[in-house]
Amino acid sequence: MNYLGKILAIAYKDLLHEYRSRETITTMMIFSFLVVVIFNFTFDPGSSYALEAAPGIIWVAFTFSGMLGLNRSFIYEIDKGCFHGLLLSPVDRGAIYLGKMIGNIIFMTIVELLTLPLFIVLFNLQFSNYLLQLLVIIVLATIGFAAVGTLFSAIAVNTKAREIMLPILLFPVVVPVILSAVNATGSLLRSDDWSQVFAWIRILLAFDVIFVAICYATFEYVVEE
Amino acid sequence: MIVVKNLTKSFGTQYALRGIHLEIQEGTFLSIFGPNGAGKTTFIRILSTLSRPSTGEILIDGKKLQDHAESFRQRIGVIGHSTFLYDELTAYENLQFYARLYSIPDAKARIHQALEEVGLKARADDFVRTFSRGMQQRLSIARAMLHQPDILLLDEPFTGLDQHASFMLMHWLKELKNEKRTILLVTHDLTHGLELAEHVAIFVRGKVAYFEHTDHFDESEFQNHYHKVVAAGGAA
Numbered sequence: 183m184n185y186l187g188k189i190l191a192i193a194y195k196d197l198l199h200e201y202r203s204r205e206t207i208t209t210m211m212i213f214s215f216l217v218v219v220i221f222n223f224t225f226d227p228g229s230s231y232a233l234e235a236a237p238g239i240i241w242v243a244f245t246f247s248g249m250l251g252l253n254r255s256f257i258y259e260i261d262k263g264c265f266h267g268l269l270l271s272p273v274d275r276g277a278i279y280l281g282k283m284i285g286n287i288i289f290m291t292i293v294e295l296l297t298l299p300l301f302i303v304l305f306n307l308q309f310s311n312y313l314l315q316l317l318v319i320i321v322l323a324t325i326g327f328a329a330v331g332t333l334f335s336a337i338a339v340n341t342k343a344r345e346i347m348l349p350i351l352l353f354p355v356v357v358p359v360i361l362s363a364v365n366a367t368g369s370l371l372r373s374d375d376w377s378q379v380f381a382w383i384r385i386l387l388a389f390d391v392i393f394v395a396i397c398y399a400t401f402e403y404v405v406e407e
Numbered sequence: 009m010i011v012v013k014n015l016t017k018s019f020g021t022q023y024a025l026r027g028i029h030l031e032i033q034e035g036t037f038l039s040i041f042g043p044n045g046a047g048k049t050t051f052i053r054i055l056s057t058l059s060r061p062s063t064g065e066i067l068i069d070g071k072k073l074q075d076h077a078e079s080f081r082q083r084i085g086v087i088g089h090s091t092f093l094y095d096e097l098t099a100y101e102n103l104q105f106y107a108r109l110y111s112i113p114d115a116k117a118r119i120h121q122a123l124e125e126v127g128l129k130a131r132a133d134d135f136v137r138t139f140s141r142g143m144q145q146r147l148s149i150a151r152a153m154l155h156q157p158d159i160l161l162l163d164e165p166f167t168g169l170d171q172h173a174s175f176m177l178m179h180w181l182k183e184l185k186n187e188k189r190t191i192l193l194v195t196h197d198l199t200h201g202l203e204l205a206e207h208v209a210i211f212v213r214g215k216v217a218y219f220e221h222t223d224h225f226d227e228s229e230f231q232n233h234y235h236k237v238v239a240a241g242g243a244a
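Protein chains in written order, with our numbering: chain L, 183 to 407; chain U, 9 to 244.
One chain only, chain U, in its complex shape (with noise of 0.2 Å):
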């Protein structure tokens, strides 16, 4: 269980988080909705242990966050916008080169298998170079997966991809719900967004505006919903 309670982010006198407050049950996938600087992505980067809070803490179940980071980096897979791959390394190694610094046991079996859920076994020993957008963001899933993190955070997953390879993430994402890991999602896309949650958040300037259970609301009136909280700014 992940718990945020009143987590800030300042960058100077700029305010990106101004107080979060959150529970996330084990295996719970919630997508979190939110314009553009509404802090959604500095959340992410706190929660992946990339950036420091200004004040405020994240237990996971139960520990300090920030005390225990790198264990907890063990339990933790990201998938962002970025890929997080080597161009000049072949799938293979760029998975290997991971492997070693998650102290993967029997890493080449983990490795071939990890490729293989992801369609790109056939491509193993090719440049990510030669890699279409839609290949490159499987083969991120299937780093980010490598070493079977029970938390995934994605942040954006869904940028750059054609129509194609937005269906197969989501044919992926499914797939990982259904394992019952604790999946939580940043995306602009409502219809993605929506269609994988259980549960949902909308953060405004810094605030979550609005956390529901999916079965709470009706899904075709979100939209409707979800630009009235924005427009009040938080306060609808």
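One chain only, chain L, in its complex shape (with noise of 0.2 Å):
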């Protein structure tokens, strides 16, 4: 099998599990959904202020539910030893990593477009008209987290306090990610010219390529002793 082969084997492998454990998933959305639930009773529905926050709290749901897959994404590897196997197969440590950021993209991915809908409903925005650029910017900033954060749960998942260590590494590199996203999706609400978002996505775009090349060539000295 050639190289894509293998990263497919080891994504394919992480749904697999997930659809017959649905652990994670169940988990993330239950999270997200609070999140959007409870900001929700905070302010009334199509107030300039719901208009103002709407952005900031539907990153705060994908960020944080984000935060709790990239936790178990390697927890489960850890429990009967099965990182171990994978670091003995002969398959490159870089072929490892974006089989597990792949999986990672695709669960956070689930995760944020079921909560879409539930997140223009309950706050009466109009979306309609931007849906795909949203999707873009979605997208764009899902695989910048979890490009670094599968790399900094790798690292995580050694440590005692894995729940609180991964937010910690996290939250500081990610924040032209979050910052992006959060004035992207803004920018959108607001019906702002199509330059000011792009401007945004640009930014999205760059830190993903750069980041997806630096923990690809990084893992392999993240996970050996």
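Worth flagging that the hints you see were computed from the coordinates, not collected in a lab.
Built from N, CA and C at the ideal position, the CB exists for glycine as well.
Just so you know, not all the hints are guaranteed correct.
Straight-line distance between alpha carbons at most 27 Å, and here's what the computed DSS-like set of lysine-lysine pairs gives [said to hold, decoys possible]: (1) Lys188/U to Lys236/U; (2) Lys262/L to Lys13/U; (3) Lys185/U to Lys116/U; (4) Lys262/L to Lys182/U; (5) Lys262/L to Lys116/U; (6) Lys72/U to Lys188/U; (7) Lys129/U to Lys185/U; (8) Lys13/U to Lys129/U; (9) Lys188/U to Lys129/U.
Sample of chain L residues with no beta-carbon within 10 Å of chain U, all distances over it, derived [to be verified]: (10) Leu198; (11) Met211; (12) Leu216; (13) Ser230; (14) Val242; (15) Leu269; (16) Leu270; (17) Val273; (18) Arg344; (19) Phe353; (20) Trp376; (21) Ala395.
Build the complex: two chains, separate frames, hints provided.
Set out below in structure tokens:
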């Protein structure tokens, strides 16, 4: 099996494991839904405050639920030494990283796509004209978040306080992703000029390219003793 | 042939290995004994490329292990007390996953053959979480043997097994030994280790304190000798 085939085998294994256990996505989804619903109680739907806060709220839901997913990403690999099984196989460490990252991106995207309709309905938002642009922002931000998160999850899983270690490591690095995603979503909501939205999308694109490359190259040193 | 030269491994200021020298001929069954903290597992982890040595080198058939780690992993099988198996996948799916990683040709036939060899063909579609510890260890053997490695590293494989499962594991190990693979077994169990071994080594405080062919000592006296070597901290 070629390089790509091994990456996909790892990602497929993660999907199959999740399909059977339904542990990660369920946890992420419940958390994400709760964030949206609880914030909805604090604002009058359709009010100007709600409109202003909405981009921040949706990205709070996405980032924190994503964090839950990333935290679990390596925990079940550690459980029966399966991660050692991966490292012992004749697969480039970078391929293991990419396989795990793809799995995380898929989990996060599923949760985000399920949360989005609830968010739009509860906050009475008009995204219909910009849905495609919003999806582009979500996908790009998710790639950046998962790229760094997968690497840090592999580091955090071997620490005692892994649940708290991951956010401590991850958030400072993904600040550009969260800022860009919130601002781009806000620009869409305000029907700003496309050039303003695209400026944030360019930052997301640059972040994705740079950090996928960096994390791919450094993963080997993170997992080897 | 595996040649280990002046291998050391430190974690901060603590040395787990303090200059290991070993030569292991092809097709040898070597049992490695030693007390807790002697560096046995660290040695196996370095041999399996899970860990990098601090100094020293390992040569397999004259090639440096660290420089060809990925290709050597294709030749190495590891069985430990952890099974490396996913609970939520079936026995077949677990082996299928590893078959993909090891690029095994005609994987389906090989997986069925491996399952048959460990007596789990009838349970191929059952989830691993429903297996007993003994069955999981048998599946772990199938996983490790799937790519037919010529070097097999075993780290405490008898841990947690009941008598019947231990008997089964001994049976498989004897079969593997007859196939003339190079096998390194790390164990606290002197009886099992001696029964299988052609060579024995005793690790004490990160060093090889004793290395001998089983023909060159009286097995009934080995336990006393082992305690003397360990008590002397490797000086006996």
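These are the hints, each one checked on the structure:
1. Lys188/U to Lys236/U: Violated: Lys188/U and Lys236/U sit about 32 Å apart, past 27 Å.
2. Lys262/L to Lys13/U: violated (32 Å)
3. Lys185/U to Lys116/U: holds (26 Å)
4. Lys262/L to Lys182/U: Answer holds: Lys262/L to Lys182/U is near 26 Å, not above 27 Å.
5. Lys262/L to Lys116/U: Between Lys262/L and Lys116/U the Cα gap is close to 24 Å, so the pair holds against 27 Å.
6. Lys72/U to Lys188/U: Roughly 23 Å between the alpha carbons, so the hint for Lys72/U and Lys188/U holds.
7. Lys129/U to Lys185/U: holds (23 Å)
8. Lys13/U to Lys129/U: violated (43 Å)
9. Lys188/U to Lys129/U: Holds, at about 25 Å.
10. Leu198: Per Cβ check, Leu198/L is inside 10 Å of chain U; nearest 6 Å; violated.
11. Met211: Correct as stated: the minimum Cβ-Cβ distance to chain U is 19 Å, above 10 Å.
12. Leu216: holds (26 Å)
13. Ser230: Since the minimum Cβ distance to chain U is about 47 Å, Ser230/L lies beyond 10 Å and the statement holds.
14. Val242: Consistent with the label, Val242/L stays out of reach of chain U, its closest Cβ about 30 Å off (over 10 Å).
15. Leu269: violated (6 Å)
16. Leu270: violated (5 Å)
17. Val273: Non-interface label fails for Val273/L: nearest chain U Cβ at 5 Å, not farther than 10 Å.
18. Arg344: Arg344/L clear of chain U: closest Cβ-Cβ about 18 Å, beyond 10 Å.
19. Phe353: holds (29 Å)
20. Trp376: holds (43 Å)
21. Ala395: Holds, because the least Cβ-Cβ distance between Ala395/L and chain U comes to about 20 Å, which exceeds 10 Å.
This entry does not satisfy hints 1, 2, 8, 10, 15, 16, 17, going by the numbered hints stated previously.
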